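Asker: The chain contents come next:
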Amino acid sequence: MAAEKIRQVQLVGRKIRELRKEHKLTQVELSSRLGIQQSDLSRMEKGEYRVSLDTLFRILAEFKVSIGEFFEGVAKESITPRDVQLVQSFNALSEDVQREVEEFIAFKRSKEGRHEAGPDTTRAWEADE
Amino acid sequence: MNGAVTFEELKSRGEKAVRAGHLEEAQDLFDQALTWAREQGEQPQVDLGICNRAAVVIEMGRGDGEVPHLREILVRNVDPFICQLAAYNISRHYELTKNYKKSLFYARIALERAGVLGRRDWLASSHNLIGNTLLAESFIVEACREYEKALEYAPQEPTAARGQILDNLGYCRVLQGRHREGYRLLYESLRILKRCGAQRYEISVRLDLCFAHLETSRLRLSHRHGIAALALAEAMEDQASIKNALYLLGEVAHLSDDVEAARGYFGRLHRDFFPDAGYLPEFLLAVDIRKLVNLHA
Chain A
1 MAAEKIRQVQ LVGRKIRELR KEHKLTQVEL SSRLGIQQSD LSRMEKGEYR
51 VSLDTLFRIL AEFKVSIGEF FEGVAKESIT PRDVQLVQSF NALSEDVQRE
101 VEEFIAFKRS KEGRHEAGPD TTRAWEADE
Chain D
1 MNGAVTFEEL KSRGEKAVRA GHLEEAQDLF DQALTWAREQ GEQPQVDLGI
51 CNRAAVVIEM GRGDGEVPHL REILVRNVDP FICQLAAYNI SRHYELTKNY
101 KKSLFYARIA LERAGVLGRR DWLASSHNLI GNTLLAESFI VEACREYEKA
151 LEYAPQEPTA ARGQILDNLG YCRVLQGRHR EGYRLLYESL RILKRCGAQR
201 YEISVRLDLC FAHLETSRLR LSHRHGIAAL ALAEAMEDQA SIKNALYLLG
251 EVAHLSDDVE AARGYFGRLH RDFFPDAGYL PEFLLAVDIR KLVNLHA
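Going down the list, the protein sequences come from chains A and D. Reading the first sequence from the start, the letters are residues 1 to 129 in this note's numbering. Reading the second sequence from the start, the letters are residues 1 to 297 in this note's numbering.
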């Protein structure tokens with residue numbers, strides 16, 4: 001089954017602005033950290049500025065945000081180094097073993113009575129089953 | 001055969017190789033020409049030799065050491081011909097290293113010198129370069145004006161340079177939602193670049209066609225161009241293009257409901273280029289960043 005498309009567009013600039021303010025950073029401070037011009041960051045926040053993949057992932061790394069923080073409703077928890085390690089370990093497994101792990105997680109969650117309450121970072125994996 | 005003749009011959013063959021996009025061959029020829037010039041002790045030829053050699057080295061992404069020599073020539077030499085070459089090459093280096101404001105500064109010097117010389121081909125390349133810096137900074141309308149001027153000045157014959165301008169303008173048209181015009185320009189660019197055998201430049205237009213077809217939901221065609229771009233980029237070890245190809249192919253796969261393939265491409269993007277971004281594959285599966293990404297930045 002195909003992954004459910006929960007993709008959002010054109011929110012990135014607004015979210016960058018929100019996150020910058022949450023982190024109490026001025027445009028000058030953030031643009032300096034990112035190695036870009038303040039005027040470019042301003043246009044990015046207004047959705048007028050397209051960036052390279054390098055710049056996009058530099059911004060995400062700067063805020064250390066999860067998918068959910070960046071796009072509300074997709075996930076609720078920040079990705080911690082442990083989460084990253086888990087994902088990397090999972091990705092290193094063969095496809096068959098990955099499916100076994102997913103089934104095991106689904107089993108454990110059903111035992112805990114934690115039925116799917118909303119989308120989270122594993123949503124795409126589950127939807128793909 | 002005297003030194004000057006040999007220099008001219010080598011230079012001419014090097015320029016021909018550049019026009020065909022055969023940069024390694026061009027560098028070898030320009031190296032030989034520079035050696036000849038130094039042996040003859042002719043400073044104008046040495047400066048020209050340095051500029052020619054720098055042009056191909058910069059184009060291959062190894063231009064860090066060239067800029068000081070070019071800047072020195074630009075300051076010392078008053079010949080508009082040499083100054084245009086030096087300024088253009090410095091600008092191109094800054095473009096490739098993504099320092100667009102410096103690139104624009106030197107591109108304007110190159111344009112001004114090209115105007116003094118009245119060289120239409122150099123006016124074309126300078127306008128194209130200014131367009132590149134503007135496009136990289138998302139000034140799409142302004143970039144289009146520069147590319148249109150570049151096309152006016154560019155020789156009509158099918159050269160790799162003309163193919164590149166067509167590619168750049170075509171990509172802008174796609175970004176502007178003028179898909180029909182974009183396709184016409186991009187396919188004309190592809191035809192020219194293929195005819196010239198300029199595979200290094202073909203990568204960009206393949207990526208742009210992949211993006212254009214993605215934007216108009218022609219996923220099979222998008223996939224085809226993305227795969228071709230990836231293969232060429234890998235063969236040329238063009239890391240920036242490999243990154244863009246993996247991202248676009250992931251998008252194509254995802255929109256084709258092939259999540260495993262999408263995860264494969266995004267996973268490789270993460271492993272090979274953004275190893276610290278463990279969230280990347282899931283992020284790209286969850287978020288459509290097409291409206292944010294600039295393939296020419």
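Calculated directly from the structure, the hints in this document are not laboratory data. Mixed in with the good hints there might be a few duds.
Straight-line alpha carbon distances no greater than 25 Å define the calculated DSS-like cross-link-like pairs of lysine-lysine that follow [as the list claims (entries may be wrong)]: (1) Lys291/D / Lys21/A; (2) Lys291/D / Lys46/A; (3) Lys101/D / Lys243/D; (4) Lys194/D / Lys149/D; (5) Lys15/A / Lys149/D; (6) Lys24/A / Lys46/A; (7) Lys98/D / Lys46/A; (8) Lys291/D / Lys98/D; (9) Lys15/A / Lys46/A; (10) Lys46/A / Lys101/D; (11) Lys243/D / Lys16/D; (12) Lys291/D / Lys16/D; (13) Lys149/D / Lys101/D; (14) Lys98/D / Lys149/D.
Bear in mind that the values here come from a model prediction, so they are computed numbers and not experimental data.
Asker: If a hint holds in the structure, say so; if it does not, say that too.
Answerer: Status of the hints after comparison with the structure:
| no. | hint | result |
| --- | --- | --- |
| 1 | Lys291/D / Lys21/A | holds (23 Å) |
| 2 | Lys291/D / Lys46/A | holds (13 Å) |
| 3 | Lys101/D / Lys243/D | holds (24 Å) |
| 4 | Lys194/D / Lys149/D | holds (24 Å) |
| 5 | Lys15/A / Lys149/D | violated (37 Å) |
| 6 | Lys24/A / Lys46/A | holds (18 Å) |
| 7 | Lys98/D / Lys46/A | holds (22 Å) |
| 8 | Lys291/D / Lys98/D | holds (20 Å) |
| 9 | Lys15/A / Lys46/A | holds (10 Å) |
| 10 | Lys46/A / Lys101/D | holds (21 Å) |
| 11 | Lys243/D / Lys16/D | violated (30 Å) |
| 12 | Lys291/D / Lys16/D | violated (39 Å) |
| 13 | Lys149/D / Lys101/D | holds (20 Å) |
| 14 | Lys98/D / Lys149/D | holds (23 Å) |
The structure is inconsistent with the numbered hints 5, 11, 12, although it conforms to all the rest.
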